[in-house]
Each structure stands twice: as structure tokens, then as C-alpha cells.
Amino acid sequence: MEALNNLDFLLNTIRKIDNDQAKEYSFGNEQSLEENLAIAFINPKDFDKLNLVPSLHLKISNKQRNIVVKIEKDDNIQEGIISMPVSIWSNQLTEILKNELVYKNIVVSVEATREPILKFKEIIQKIRGIE
Amino acid sequence: MELYKYLPKTNCKECGKPTCMAFSLDLLQGKAKVDDCPPILKPKYKKQYEKLKQLLGSEEGQEKELRINVDEDLCDGCGICVTICPVNARYCPPSLSGKAPEYPPEKHQLFQVIGGKCELLNLEHCRRLDSEGRERECRVCETYCPREAIKIEYV
Amino acid sequence: MKRYPCSGCSLLCDDIIVKSDGLFIEEVIGACLKGKERFDQVSAKNRITSPMIRKNNELTDVSWEEALAKTVEIIKNSSAPLLYGFSNVTCEAQKAGMDLAREINGFIDSNASICQGKILNKAKSQGINLTTITEIINKVDLIILWGANPAETIPRLLNKVLFSRGKFRMTGREIKTLIIIDPVKTASFRVMGVRDLALIIEPDKDVELIQMLKEECCSVDSIPSGGVAGLDKNDLKRLLLHLTGAENGVIILGQGIIQPHANYDLIEELLDLLQLINTRQVKGRISLLLLGGHFNMAGFDHVALSSYGVSGKLQFENKKLVISEDTIISKINKENFDCSIIVGTDPISHLPHSLSSKLAKNPLILIDNHKSATSHIADVVLPTAITGIESSGLVYRIDQVPIELKKILNPPNNIPSDEELLNQLIEKLNGGAK
Numbered sequence: 001m002e003a004l005n006n007l008d009f010l011l012n013t014i015r016k017i018d019n020d021q022a023k024e025y026s027f028g029n030e031q032s033l034e035e036n037l038a039i040a041f042i043n044p045k046d047f048d049k050l051n052l053v054p055s056l057h058l059k060i061s062n063k064q065r066n067i068v069v070k071i072e073k074d075d076n077i078q079e080g081i082i083s084m085p086v087s088i089w090s091n092q093l094t095e096i097l098k099n100e101l102v103y104k105n106i107v108v109s110v111e112a113t114r115e116p117i118l119k120f121k122e123i124i125q126k127i128r129g130i131e
Numbered sequence: 132m133e134l135y136k137y138l139p140k141t142n143c144k145e146c147g148k149p150t151c152m153a154f155s156l157d158l159l160q161g162k163a164k165v166d167d168c169p170p171i172l173k174p175k176y177k178k179q180y181e182k183l184k185q186l187l188g189s190e191e192g193q194e195k196e197l198r199i200n201v202d203e204d205l206c207d208g209c210g211i212c213v214t215i216c217p218v219n220a221r222y223c224p225p226s227l228s229g230k231a232p233e234y235p236p237e238k239h240q241l242f243q244v245i246g247g248k249c250e251l252l253n254l255e256h257c258r259r260l261d262s263e264g265r266e267r268e269c270r271v272c273e274t275y276c277p278r279e280a281i282k283i284e285y286v
Numbered sequence: 287m288k289r290y291p292c293s294g295c296s297l298l299c300d301d302i303i304v305k306s307d308g309l310f311i312e313e314v315i316g317a318c319l320k321g322k323e324r325f326d327q328v329s330a331k332n333r334i335t336s337p338m339i340r341k342n343n344e345l346t347d348v349s350w351e352e353a354l355a356k357t358v359e360i361i362k363n364s365s366a367p368l369l370y371g372f373s374n375v376t377c378e379a380q381k382a383g384m385d386l387a388r389e390i391n392g393f394i395d396s397n398a399s400i401c402q403g404k405i406l407n408k409a410k411s412q413g414i415n416l417t418t419i420t421e422i423i424n425k426v427d428l429i430i431l432w433g434a435n436p437a438e439t440i441p442r443l444l445n446k447v448l449f450s451r452g453k454f455r456m457t458g459r460e461i462k463t464l465i466i467i468d469p470v471k472t473a474s475f476r477v478m479g480v481r482d483l484a485l486i487i488e489p490d491k492d493v494e495l496i497q498m499l500k501e502e503c504c505s506v507d508s509i510p511s512g513g514v515a516g517l518d519k520n521d522l523k524r525l526l527l528h529l530t531g532a533e534n535g536v537i538i539l540g541q542g543i544i545q546p547h548a549n550y551d552l553i554e555e556l557l558d559l560l561q562l563i564n565t566r567q568v569k570g571r572i573s574l575l576l577l578g579g580h581f582n583m584a585g586f587d588h589v590a591l592s593s594y595g596v597s598g599k600l601q602f603e604n605k606k607l608v609i610s611e612d613t614i615i616s617k618i619n620k621e622n623f624d625c626s627i628i629v630g631t632d633p634i635s636h637l638p639h640s641l642s643s644k645l646a647k648n649p650l651i652l653i654d655n656h657k658s659a660t661s662h663i664a665d666v667v668l669p670t671a672i673t674g675i676e677s678s679g680l681v682y683r684i685d686q687v688p689i690e691l692k693k694i695l696n697p698p699n700n701i702p703s704d705e706e707l708l709n710q711l712i713e714k715l716n717g718g719a720k
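Residue numbers (this note's numbering), protein chains in the order written: chain C, 1 to 131; chain P, 132 to 286; chain R, 287 to 720.
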């Protein structure tokens, strides 16, 4: 029996025409960037299993780092998979293997949380090593 | 189609239409009423009769217009509707060999991609208005749109 | 009416009608949403039209002389510069970038090495069957999408190849079979018809499918009854019959299939499978089409091969080409560089944190035309004209066909094109040395 709060999922970073990072950089602002890109899609059954409600956020962690994002239900995703659009948020979790980049099927654990989503400027500071 | 399911499907032509499919389309468009079908008034079709009355409700008999809605927020300008519309395809346009459609658009071209989005040009030549039989149930543009942005409705 | 090529994605449709009065773009007809957004970049809100230098942690507008002087200063103070990007620029600019790398003894690589370039690299030992878009339109009767989702990334691709009636496939959609292999039901599944096959495979189990297909290449009788990788026996039988019975098939590969694995190499297994099918088939042929993002991803390898005799990345020492086992990933990972010049891409947003944080530690010069995550940490930002609208040049399509981009408008503030800017840098570095 799996523990209900921390389940092992597979993370896929995907491209979606509505959630397009390059479009937000050219035409949007930091708020629209965060609204459209700091998001994860999950199967409705998994949504219920994790005791999620729309006002909660989802904390996704791999061995080194974690990220908090908004969550949305999507019927087309299989159970056990989470999809995130390619963005500076999802790249906190992507990995390197044999000198190549891993963008799909990353093993992660997830839990519901009330922590806030990191803003764009905060992630930039994190990447520069300034906390 | 939902309405066709509840008709006798005998194609007896007593309503004046060649097939039950054509009659169901007239029902949808408000050009006919359920009572115009003599066989359905018989007792053995009572359940279907009541179901049809319920489905049509107060809109039964009210003339409705065909409208094809293209949702601007969902459309991504892929142009599949332009290529696949059977009305346009009959004239062997360049989009059928993978090239861009003619500009200015031909008179039988129903859709056009402009400014990154699909636009409906004119509805007159749509098969749902112009032809007979099975072709009137044409829903090709709605079925193959990858973003489900096209909706066919009667208002 | 005059038609222009569109540089929105790597499909490079060359049939777009652009109405312009020479100063602004008024209307774009025939391009999909991604193409329209590319044409909109001319007047985008976040476009950069003047060079900037970071002073007191803020980017400030400066003159071209000051920006170029600062760039030259950063380069001269470094001994192992890194050049990366080059997939949003023309072939002429890629050549100028390689000449610049030679001048400063740098390491240059393009986005292709983390995308479709990987497949072409592996194909060097095994061979690969490629095809062009026109061949697919006219001759293909089987299309397989493996790990690719063109409905969201290249909107017009399915329109062109699936719904068209080619010269030899006059019945068009009815005679073409579409098979999609993907663990998620993406938007591309909605164009399927009754004859098509949807295979929702279990995530990360593609290798089991490939190995089973290799073993059963000619016989459908010994497919395991429990199915493989979450697919059932009947679907597998149909897949195998299509693969071996098609007259002319194409497999379109996307990001899903080029992921690395610890114990095996998925790309090599796939290329082996294709070779097996092609040698066993009596009259048919299966070829590949590699999807990529930026519009000139395929061009870098061609330019490197024709200018320097090596395809792919280039490492220079003492102004001469040397053999190097490094890739852009290993260079950044080992922190084997002390400054970077990024051209037309946004690595801080696209690379994993462990790499982008290392990139951010050293001085960074960005050559791009809009704000991005990389511009937020760059030390110098040099804007250039938008290729395909404000500057012309040669680019290569996803199927390795060259297309000539045209100039429609003049760039604002007389901004140079990428090629002109890189050549200016080479001149300044040469002039300074003397």
C-alpha cells in the first residue's frame, strides 16, 4: 500500500501551444509567465488520491531539488504521470545522465502543500546562487 | 445523431422526406415537428415519441439557422479545416497537395487562415445546406480539428 | 501575390502572404499561430532595440561603441570561451560564429547537439534513411508519430503530410494510415480516423517494444499473448503488419525518443530496427523525419562540415581546429570555460539547474532580440535584427532542404544582423591584437 501523501510519479516536460515560455518572454510580463508556466497537469484520480483541492499547490521533488507549482486536472494523462510545460520551473527538476539531458520520465515524489510558488526573479536569484 | 436514434428508421417516406435521417435533420433545424411522422404516433413508438418531444422541448418547430463557430482562443491556425472541407476539395485546390490555399480565396472556400487563426468566410456552400442525403450530416471540420475549436450548432 | 518564407519553426513554410508597407507588417495570411507570433516579434513589447551593459546589477542602455568595447574586453580577459546557440540564425551567421570561435580559441556548439543532432551523430556508424516533406506528401502511405506531438509544436505539419493528396496517393487521407505511439493522449490523437491505430504505451517502455519488433520482424505468430509495454496483442499485430507491409512509410521522431538511459541506447536500438525492416522488405521502405524546434537547427552541421571538415561541435586552439571529446554539456558540467557567448537562445531557461547555475557563474554575453531569463543575468546584451523579416540568409529545414529567407522590413535603429555583428567583433579583436 502506498503512503497517500508521498507517491512516486514520473515527470514529463512537454510543449503546449497555450503554455509557451518563449511567447511569454516576448509578449507577456512576469505575472503572465508565472500563471502559464508554473503549472502541472495530473490525472483526476491522482488528484483525489493526493487529497488536493484547487487552492492547494503541489510540491514536486527529485533527489536534489524541489519546486512548488499550481495544479490542474487533465483527463488525457495516464495515472502515475505528471506533465509540466518546458520552463524555468520545470528545469529545476530535469537531470543529466551520461552527458545528455533528461527531460522525460524523471522519478519524482509529490505532495500537496500550502507553500507559495517561487516568482521568476526568485528563481533567477536561486540559479545565480544568491538566496 | 441523437434524434435519429429514436425514429422508426424504416424510410417509409410518409413524412415527405426520402429517409429518416433527412427527417431528423429537419427536426433539428425546426423545419418539421415530431407529429409530422405518422408511424411514430402509433402506440408501439410511445417511448421514442416522448423522448423526442423531451429532447426538442420548447424549440420544436422553431426555425433554426446553421452556425459554425470557430473558437478564437483554441484555434492555432493549422489549416486542417481548409484542406479537408469536401466542398473545397472537389475543385482540387493547391492545399490538397500540401501547398497554401489561393489568395484571394475562391468562392467555394469556406475557411481561411488569416492572422494565425482560422476564419469562416461564407456558409452558403457548406454541405449541410447545399446537398441531400448523407452528405447533409457532414461534420468533417468539427471532427478533425486537433484543438476542438470548431462547433456546429443550430440557433 | 508575393509569398515569403516563415521562420516561426523548423518547417519553414515558404508560402506565406505578408502585406506590408515597408515600415510595418499589416497582415499575415496562411501562417499558423506560431508563424504569426514570429512576425509579431517586430513590434513585441519586450523587444530589445539598444545594447545594454550590467552596471550595479542593473542593465542600462549604452552606445554600440561602449557595448562592443566591453564585449572585446571580456573576451580578451578569458582563455577558454564558450559559444552556444546558433540555431535561430542564418548559415552565414553560423559561419561567422565559427570564424569568431577560431579567432578567440573557443569551443562552439549549437542547440542541435541536445536535440536532433544526437540522432544524426549515432547514425554515423549505422546509416540512416531520411526523406523530404515533398516525398512524404506524394508517396507515403504510413505515418508513425513516435514521442512526437506536432499538433502542439509544428501545427501545419499534419495538415501538409496527412490531409493532402499527393501525386501518387490521390485518395489522400483514406489511403494513409496514422499510428501514434505516446504515453499521454496528446492533441495529435484527435486527427485519427477509423483506420488509424493509437498506441498508448507505458512510460519509458519504448525499448521493450523495439526489442519485440526486432525479434518478430517477419512473423506475427509469436507475439506474447500478454502484450508488451502495456499494449495488447492485437494492436501489436496490426503495428507489425503495417511496418512490414507499407510501401513507403515514415517515422516522425520527437523529444520522447531521444532520452538517455543508463543501460541501453534507445536511438541505436531504433536505428537497428529500421535497418532490419528495410533489408528484409522486398518492395517497401521506411524512413525517418527528425523534428526540431528552432528554424535553423539543421544548418549548423552543414556549415561546420563544409567550412571546417567536421560536422558538429568545434574546438579551437592556437587558431586551429583540434579533436575534442567534449560536448557542450560536458564543457559546462566540468566548468571547463571562463566566459560564454550565447547567440539566439535562452540556456538559463532551457538547461537543468545544475548546468544553468554553472553558466551563470562566469561572464556572459548575449546576442538576442528579446528579454529572457538569460538576459536577466547577462553582463552584456547585444540586439540584432530579426532573421527572416529584417535580414535575409540561408537556412536548413527539418528535412535538410535549404531555404532562402527574405528581408521584408528594415530593422529599427539600424541594428545589425547576426552575421554583421559577429564579423564586427572579429574585426575589433583583430584590430586590437595589432
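Don't take each hint at face value.
[As the list claims (entries may be wrong)] Here are the simulated DSSO-like cross-link-like pairs (lysine-lysine), alpha carbons at most 27 Å apart as the crow flies: (1) 73(C) to 692(R); (2) 23(C) to 471(R); (3) 16(C) to 500(R); (4) 230(P) to 692(R); (5) 121(C) to 98(C); (6) 23(C) to 491(R); (7) 98(C) to 491(R); (8) 248(P) to 647(R); (9) 305(R) to 23(C); (10) 471(R) to 248(P); (11) 98(C) to 404(R); (12) 282(P) to 471(R); (13) 644(R) to 126(C); (14) 356(R) to 23(C); (15) 647(R) to 121(C); (16) 136(P) to 16(C); (17) 282(P) to 182(P); (18) 230(P) to 693(R); (19) 471(R) to 49(C); (20) 647(R) to 119(C); (21) 644(R) to 121(C); (22) 45(C) to 288(R); (23) 98(C) to 693(R); (24) 657(R) to 126(C); (25) 238(P) to 288(R).
[Claimed, not checked] Covered stretches of chain P (chain R as the covering partner; in silico rule of three or more C-beta atoms under 8 Å from a C-beta of chain R): (26) 218-228; (27) 231-238; (28) 272-281.
[Claimed, not checked] Some chain R residues near chain C, calculated using beta-carbon distances under 8 Å: (29) 327; (30) 328; (31) 468; (32) 469; (33) 470; (34) 471; (35) 490; (36) 508; (37) 512; (38) 542; (39) 545; (40) 638.
None of these hints come from the bench; they were simulated from the model. Ideal Cβ positions, reconstructed from N, Cα and C, are used throughout, including at glycine.
For each hint, the structure was consulted:
1. As the CA atoms of residue 73(C) and residue 692(R) are separated by approximately 44 Å, the hinted pair breaks the 27 Å bound.
2. Distance hint between residue 23(C) and residue 471(R) is fulfilled; the C-alpha atoms sit about 24 Å from each other, no more than 27 Å.
3. At most 27 Å may separate the alpha-carbon atoms for a hinted pair to count; residue 16(C) and residue 500(R) exceed this at roughly 33 Å.
4. Between the alpha carbons of residue 230(P) and residue 692(R) the distance comes to roughly 19 Å, so the proposed pair stays at or under 27 Å and holds.
5. For a cut-off of 27 Å, the pair hint linking residue 121(C) to residue 98(C) is broken: about 31 Å separates their Cα positions.
6. For the hint pairing residue 23(C) with residue 491(R), the CA-to-CA distance comes to about 33 Å; that exceeds 27 Å, so the pair is violated.
7. The hinted pair formed by residue 98(C) and residue 491(R) meets the criterion: a straight-line CA distance of about 19 Å does not exceed 27 Å.
8. Distance hint between residue 248(P) and residue 647(R) is unfulfilled; the C-alpha atoms sit about 43 Å from each other, more than 27 Å.
9. This hinted pair checks out: residue 305(R) and residue 23(C) have alpha carbons roughly 23 Å apart, not beyond 27 Å.
10. Taken as a hint, the residue 471(R) and residue 248(P) pair is honoured in the structure, with Cα atoms around 24 Å apart against an allowance of 27 Å.
11. For the hint pairing residue 98(C) with residue 404(R), the CA-to-CA distance comes to about 13 Å; that is within 27 Å, so the pair holds.
12. A distance of roughly 21 Å separates the Cα atoms of residue 282(P) and residue 471(R); the hinted pair therefore holds under the 27 Å criterion.
13. For a cut-off of 27 Å, the pair hint linking residue 644(R) to residue 126(C) stands: about 12 Å separates their Cα positions.
14. For the hint pairing residue 356(R) with residue 23(C), the CA-to-CA distance comes to about 30 Å; that exceeds 27 Å, so the pair is violated.
15. Proposed proximity of residue 647(R) and residue 121(C) is supported: the alpha carbons are some 17 Å apart, at most 27 Å.
16. Between residue 136(P) and residue 16(C) the CA atoms are separated by roughly 38 Å; this puts the pair beyond 27 Å, and the hint is violated.
17. Taking the CA atoms of residue 282(P) and residue 182(P), the gap is about 24 Å. The hint holds against a cut of 27 Å.
18. A distance of roughly 22 Å separates the Cα atoms of residue 230(P) and residue 693(R); the hinted pair therefore holds under the 27 Å criterion.
19. For a cut-off of 27 Å, the pair hint linking residue 471(R) to residue 49(C) stands: about 21 Å separates their Cα positions.
20. Restraint check for residue 647(R) and residue 119(C): satisfied, since their Cα atoms lie roughly 21 Å apart, inside the 27 Å limit.
21. Straight-line distance between C-alpha atoms of residue 644(R) and residue 121(C) comes to about 18 Å, which keeps the hinted pair within the 27 Å bound.
22. For the hint pairing residue 45(C) with residue 288(R), the CA-to-CA distance comes to about 53 Å; that exceeds 27 Å, so the pair is violated.
23. Taken as a hint, the residue 98(C) and residue 693(R) pair is broken in the structure, with Cα atoms around 42 Å apart against an allowance of 27 Å.
24. Restraint check for residue 657(R) and residue 126(C): the C-alpha separation of about 19 Å stays at or below 27 Å, so the hint holds.
25. For the given pair, residue 238(P) sits about 21 Å from residue 288(R) by alpha-carbon distance, which is consistent with the 27 Å threshold.
26. Counting residues of the segment 218-228 of chain P whose beta carbon lies closer than 8 Å to any beta carbon of chain R gives 3, which reaches the threshold of three, so the coverage claim holds.
27. Closer than 8 Å: that is the beta-carbon criterion, and the segment 231-238 of chain P has 3 residues meeting it against chain R, so the requirement of 3 holds.
28. With 5 residues carrying a beta carbon less than 8 Å from a beta carbon of chain R, the segment 272-281 of chain P meets the three-residue requirement, and the given coverage holds.
29. For the restraint placing residue 327(R) at the interface with chain C, the shortest Cβ-Cβ distance is roughly 6 Å, inside the 8 Å limit, so the hint holds.
30. Proximity of residue 328(R) to chain C is violated relative to the hint, the smallest CB-CB distance being about 11 Å (cut-off 8 Å).
31. Checking residue 468(R) against chain C by beta carbon gives a least distance of about 10 Å; that is not within 8 Å, so the hint is violated.
32. With a least beta-carbon distance of about 6 Å to chain C, the hint placing residue 469(R) at the interface is held under the 8 Å criterion.
33. Interface hint status for residue 470(R): upheld, as the beta-carbon distance to the closest one in chain C is roughly 5 Å, under 8 Å.
34. About 4 Å separates the beta-carbon of residue 471(R) from the nearest beta-carbon of chain C, less than 8 Å, and the hint is met.
35. For residue 490(R), the interface hint holds, the least distance from its beta-carbon to any beta-carbon of chain C being 4 Å, beneath 8 Å.
36. For residue 508(R), the interface hint is violated, the least distance from its beta-carbon to any beta-carbon of chain C being 28 Å, above 8 Å.
37. Because the smallest distance between the Cβ of residue 512(R) and any Cβ of chain C comes to about 19 Å, over 8 Å, the interface hint for this residue is violated.
38. Look at residue 542(R): its Cβ gets to within about 6 Å of chain C, closer than 8 Å, so that hint holds up.
39. Satisfaction of the interface hint for residue 545(R) is found here, the shortest Cβ-Cβ separation to chain C being roughly 5 Å, below the 8 Å cut-off.
40. Because the beta carbon of residue 638(R) sits about 4 Å from the nearest beta carbon in chain C, less than 8 Å, this interface hint is met.
Checked against the numbered hints given earlier, the structure breaks hints 1, 3, 5, 6, 8, 14, 16, 22, 23, 30, 31, 36, 37 and satisfies all the rest.
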